[in-house]
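Trainee: The residues making up each chain are set out below.
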Amino acid sequence: MESFLNRYRSITVLLLVILAQLVLVAVQVKNDQDVRMIRVWTVSAVTPVARIVEALRGGSSGLIRNYILLHDAHEENRRLQAEVDRLKLDSIYLKNEIGLADRAKALAVFQSHTPSKTVAATVIGIGAGTNSKMVFVDRGTVSGVERGMAVVTPDGIVGKVITAYPTASAVLLITDPDFAAGVVSQKGQWRGTLRGQGTPICRVDYVPFEEKVEPGEWLYTSGDDRIFPRGFPVGIVKAVHSAQPFKEVLVDPSGTTRGLEDVLILVEGVHQPIPDAPPANQPVFIGTPPPAGAVKPPDNPASGPPAAPAGTEADRLRTQYKDIGDAQGHKFGEGIPGSKPPDFNLKLPGPVGTPVAGPAAGGAPAAGAPAASAGRGQAPAVPASKSAVPPGGASHP
Amino acid sequence: MSYSGGHILLSSQREGQISQFPAWVMVVVPLAAILFQVYVPLFFQFLSFLEMPLLVVVYFALMRRSQISGLSVGALVGLAQDSLSKNPLGMLGIVNTLVGYFAASVGMRLDVDHPLIRLLLTFFFFLFHQFFYWLMVRALLGQQLEFGTERTLVLGLLNAVVGVSLFHFLDKLRKTT
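Line order of the protein sequences matches chains A and B.
Numbering follows my numbering, with no gaps: position 293 of the first sequence is 293.
With positions in the second sequence counted from 1, the corresponding number in my numbering is that position plus 397.
All clues given are correct.
Straight-line alpha carbon distances no greater than 25 angstroms define the calculated SDA-like cross-link-like pairs of lysine to any residue that follow:
1. A:LYS88 to B:PHE440
2. B:LYS483 to A:SER143
3. B:LYS483 to A:ASP178
4. A:LYS30 to B:ARG535
5. B:LYS483 to A:VAL40
6. B:LYS483 to A:TYR165
7. B:LYS483 to A:ARG39
8. B:LYS483 to A:GLN197
9. A:LYS105 to B:PHE440
10. A:LYS105 to A:GLU54
11. A:LYS105 to B:LEU439
12. B:LYS483 to A:VAL119
13. B:LYS483 to A:ALA50
14. B:LYS483 to A:SER132
15. B:LYS483 to A:GLY148
16. B:LYS483 to A:SER44
No wet-lab data here; the hints were simulated from the structure.
Construct the complete structure from the given sequences, taking the supplied hints into account.
Mentor: Laid out in structure tokens, this is it:
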């Protein structure tokens, strides 16, 4: 017996190891329970290293870009192309930094406005396996994260926490085939179950075929799943296929469209009403108005013109040209082609006659000013460029 | 480093030299491979095709020329991968155990220092790994996982090419006797 075991020792060990793992799989599948201890060991071994690497990467990227690359560029400084390449690299880096700052700002604004209690987290790794739809974030039970909590971004839902470890958590993404969430349509108020497909597009199950579903509709969380609070954006209906007994609805999720770097974990979700209007694609920051005394008064208020009326430059031009037309008895919008146009170089006394910096003062056709304004994107909301200055210049009545 | 280019089949097991590695290499290299797979694709998504843990398992199994050692490394690395995925523990563990065992078995018969042999073996074991994992997911979990043959072949080739370079690097960590 002993010689038999010695002879077939390798195959015996192989069979034992395989058998042990098969039992492990069977127990987990049958009881739907996880062997948490082994996972905790592995995650505790890997995630601290990932955090250290991430910290080193963040800290050293500036050094690498600003010193090593600059050093290389200095060596190749005689060649203009090298200089251009370096500037391009710098540009990409700065754009990335701005993008990062924008995302952080959007996250902070969202975090301060949402009634739910959230914890900000950074994605530090993805799940093992080439087709993984799972990520690891750097917040765990120490930060109050628990299994089953929802993970969102300002753009929409991202996934849910499937395992919480002390210093990290595993998040199942919305695109994973095992993911499901209750959703409700903003427009039609129909309900369904959102499921991942392993692709960037998700589908909604259990939408009765008699419901009217249109592409472009926004979907929100319904709150029925007890994971995602009601009222969080989910995505836009991309396509609808009629089928019996349920429609096939494909959804483009909005939460993952701009990549995943920073997310929010809903520690205490608060249900919200479904908004009437679709969410804006990006939060817009509106700064505080300038103080009243910040505008510098004119040097000689007695002789000089008073401050220009409020509005854009196009508003001022419109007022100016209207007064010039009124002074010469010209009515805009009337007159036949070829008739004499008003003299737009006429200087009027008072505030409206004050020449605007640029073309009006130089005697050039005044049409250039509003056209330039429109080109800078200042005029679209103002009809001045149509009524005051015709596109054909001064010859148009 | 010189490869024995004369023949690729060993006439006896004595011809095959068993490579020894320092203990820290046996710990750090698999951990680094797992960390690579978890962390690097975050920033370089095109590198997500690389199955670094599998390459490391194949390398250690081939070079140690011990079936028990090979299957042990495979089981540990596979379980670690399972821990970092949503799979039940043991799915990748079983697959990597088999890869480690068979790689060690092959390593006892072939001249595994030959780069062409390494390329072919890595390619083969990648296909074996992918196919067996697909089979187990269908059989044990009842999930309909798609198996793209062409994609798997291409990924196998890419992994094999990277594997040969990686093996060349890992050769430098062997103990010199």
